[in-house]
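Taken in sequence, the protein lines are chains A and B. Quick note, the first sequence lines up with residues 1 to 254 if you use the numbering used here. Quick note, the second sequence lines up with residues 1 to 334 if you use the numbering used here.
Some clues are possibly wrong.
Stated by the list, open to error - Residues on chain A that point at chain B, a partial pick, calculated with CB under 10 Å:
id	residue
1	Asn3
2	Leu7
3	Ile10
4	Ile21
5	Ser83
6	Val90
7	Val102
8	Asp131
9	Ile132
10	Gly249
11	Leu252
If you're looking for bench data, these hints aren't it; they were derived computationally from the structure. Virtual Cβ for every residue (Gly too), placed ideally from N, Cα, C.
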Amino acid sequence: MNNSIALKSILTKEIQRFMRIWVQTLVPPAITISLYFVIFGSLIGSRIGEMGGFDYMSFIVPGLIMMSVITNSYSNVASSFFSAKWQRNVEEMLVAPVPNWVIVAGYVGGGMCRGILVGLIVTLVSLLFVDIQLHNIWIIIATVTLTSATFALGGLINAIFAGSFDDISIIPTFILTPLTYLGGVFYSISLLPEFWQGVSQANPIVYMVNAFRYGFLGISDVSLVTAFAVITFFIVTLFTIAMTLISKGIGLRS
Amino acid sequence: MTYALEISALAKTYKGGFQALKGIDLTVSQGDFFALLGPNGAGKSTSIGVITSLVNKTAGQVKVFGYDIDTDLEKAKSFIGLVPQEFNFSQFEPLMHILVNQAGYYGVSKSEAIKRAEKYLKQLELWDKRDEPARALSGGMKRRLMIARALMHEPKMLILDEPTAGVDIELRRSMWDFLRELNKQGITIILTTHYLEEAEMLCRNIAIIDGGEIVEDTSMKKLLAQLDVETFVFDIKLGLALSELEQFATQSQAIDYRVIDDHTLEVDLNKSQNLNQVFEQLNAANIEVQSMRNKSNRLEALFVSLINKKSSVINEKSTGSADVGQQAVAEGAK
Numbered sequence: 001m002n003n004s005i006a007l008k009s010i011l012t013k014e015i016q017r018f019m020r021i022w023v024q025t026l027v028p029p030a031i032t033i034s035l036y037f038v039i040f041g042s043l044i045g046s047r048i049g050e051m052g053g054f055d056y057m058s059f060i061v062p063g064l065i066m067m068s069v070i071t072n073s074y075s076n077v078a079s080s081f082f083s084a085k086w087q088r089n090v091e092e093m094l095v096a097p098v099p100n101w102v103i104v105a106g107y108v109g110g111g112m113c114r115g116i117l118v119g120l121i122v123t124l125v126s127l128l129f130v131d132i133q134l135h136n137i138w139i140i141i142a143t144v145t146l147t148s149a150t151f152a153l154g155g156l157i158n159a160i161f162a163g164s165f166d167d168i169s170i171i172p173t174f175i176l177t178p179l180t181y182l183g184g185v186f187y188s189i190s191l192l193p194e195f196w197q198g199v200s201q202a203n204p205i206v207y208m209v210n211a212f213r214y215g216f217l218g219i220s221d222v223s224l225v226t227a228f229a230v231i232t233f234f235i236v237t238l239f240t241i242a243m244t245l246i247s248k249g250i251g252l253r254s
Numbered sequence: 001m002t003y004a005l006e007i008s009a010l011a012k013t014y015k016g017g018f019q020a021l022k023g024i025d026l027t028v029s030q031g032d033f034f035a036l037l038g039p040n041g042a043g044k045s046t047s048i049g050v051i052t053s054l055v056n057k058t059a060g061q062v063k064v065f066g067y068d069i070d071t072d073l074e075k076a077k078s079f080i081g082l083v084p085q086e087f088n089f090s091q092f093e094p095l096m097h098i099l100v101n102q103a104g105y106y107g108v109s110k111s112e113a114i115k116r117a118e119k120y121l122k123q124l125e126l127w128d129k130r131d132e133p134a135r136a137l138s139g140g141m142k143r144r145l146m147i148a149r150a151l152m153h154e155p156k157m158l159i160l161d162e163p164t165a166g167v168d169i170e171l172r173r174s175m176w177d178f179l180r181e182l183n184k185q186g187i188t189i190i191l192t193t194h195y196l197e198e199a200e201m202l203c204r205n206i207a208i209i210d211g212g213e214i215v216e217d218t219s220m221k222k223l224l225a226q227l228d229v230e231t232f233v234f235d236i237k238l239g240l241a242l243s244e245l246e247q248f249a250t251q252s253q254a255i256d257y258r259v260i261d262d263h264t265l266e267v268d269l270n271k272s273q274n275l276n277q278v279f280e281q282l283n284a285a286n287i288e289v290q291s292m293r294n295k296s297n298r299l300e301a302l303f304v305s306l307i308n309k310k311s312s313v314i315n316e317k318s319t320g321s322a323d324v325g326q327q328a329v330a331e332g333a334k
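Work out the full structure: start from the sequences and follow the hints.
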């Protein structure tokens, strides 16, 4: 069996899916991010002054891009895989000789593609509001790739357990959004009291946003080595969980 | 010879404790056209689910063309094409995407998949709809789409779980022709159906499953040979009064006639009787026959008798086995 063809098929199907409904998948992040720039960047940001040695608008750009990447990577896989379960077309793959890692890689790859594409769109929109600096393009690429993979895996696990469409919105609403907003997108965690700085270090999004911001501005609240170690740890852990769940057929086989 | 399908001691108990399969044994030869029949909740879909790895078995062994699903699952899967009972494709994807992607899951290159998709969409009269989303298809078209999809990797064994449910008679017959042609090409076909006429017309061998057990596993010919009585319906020329017909039916020797109305008679014939005797008696009574047909589906009669036989045994033993209704509910909840 040629696994690369199977992988390409799942990936193609996933990309076709979010491109087919581009009005729902690609346009809203561009609008949302424009509103953030207008409100937090232009209106409020001008009164805040500098943060981390940069004007507020420049400071929040990397975080806003990363926020879009995280949200879209996660929701793409969560909704697509759950929808495949709900319509039962996931059985197309389950009855075929597709290894479990190919299923995981295909869906995660699809989520990464949407996350990164939305990231690019948001970056282009942000160019309308601010001049973007590039400190280290490789750090940017590595961070966005690994972060999108992490949250795509999270979305997959959510979809495997989900029994209804409500179940795929609970985690984004009650966990992902708070973690993102408290993950240093809009502020430097060095501004927080010491206790809350410690608490923030338990939030994995802090590491992702800071590593990403380092790629643009050359500043970070956490060490890059720690940041990449944390992201890698989450990828390995979530991949292992996803593989175990699919191998056991949790939520997929009776 | 290696069997296309070899099942031994296959058992499945669902989480709620419902025992859908109670250790069934079954073999299907290569190239066979095999019917798996049973009432709702008998275990047909569970059996198919286990064979295609959509249901985890509790115990037993399943081999597909000699490959054990426990040790060579991917190899075993590559031989099977599945047409499930429920529509299970994305309603939003165009037909071509569904077929080409499905072939890709089996490692078929895109260029080859496009050729095959064109071939099967044309054969199944769906070519005009190739760029439309699946939700735009009628029920019969959706069934044909699932057959096309199951053939995209050119499987050696095709499993069809009630493929003609809800399909009109004309389309059903064209699907039968299509399936016969596939079988002639050497594809082993396993069919479950509620249309027993369908099984009788298409299949060479048959297994009947009920309450998670195989109650009959034989050739169609042998099964039908068990039939003692056949019912014939005679359309007779108008002319005799109803009372005269009833008098004829009452007075006739050896053969049981039933008068349905003033132009219809029914006759039950057992193996020791023949139609010549019937015609002799009708001629003698000056009853002119315009046409004659076989009344009931013969397989249906046998099917009902086999299932009833088993039910009565169960009732006698009072083993507490779930009735068909309960089984249907449990199967529906799986």
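Going down the list of hints, with the structure as the test:
| no. | hint | verdict |
| --- | --- | --- |
| 1 | Asn3 | holds, 7 Å |
| 2 | Leu7 | holds, 9 Å |
| 3 | Ile10 | holds, 8 Å |
| 4 | Ile21 | holds, 8 Å |
| 5 | Ser83 | holds, 8 Å |
| 6 | Val90 | holds, 8 Å |
| 7 | Val102 | holds, 9 Å |
| 8 | Asp131 | violated, 41 Å |
| 9 | Ile132 | violated, 36 Å |
| 10 | Gly249 | holds, 6 Å |
| 11 | Leu252 | holds, 8 Å |
Comparing the model with each earlier hint shows violations of hints 8 and 9; every other hint is respected.
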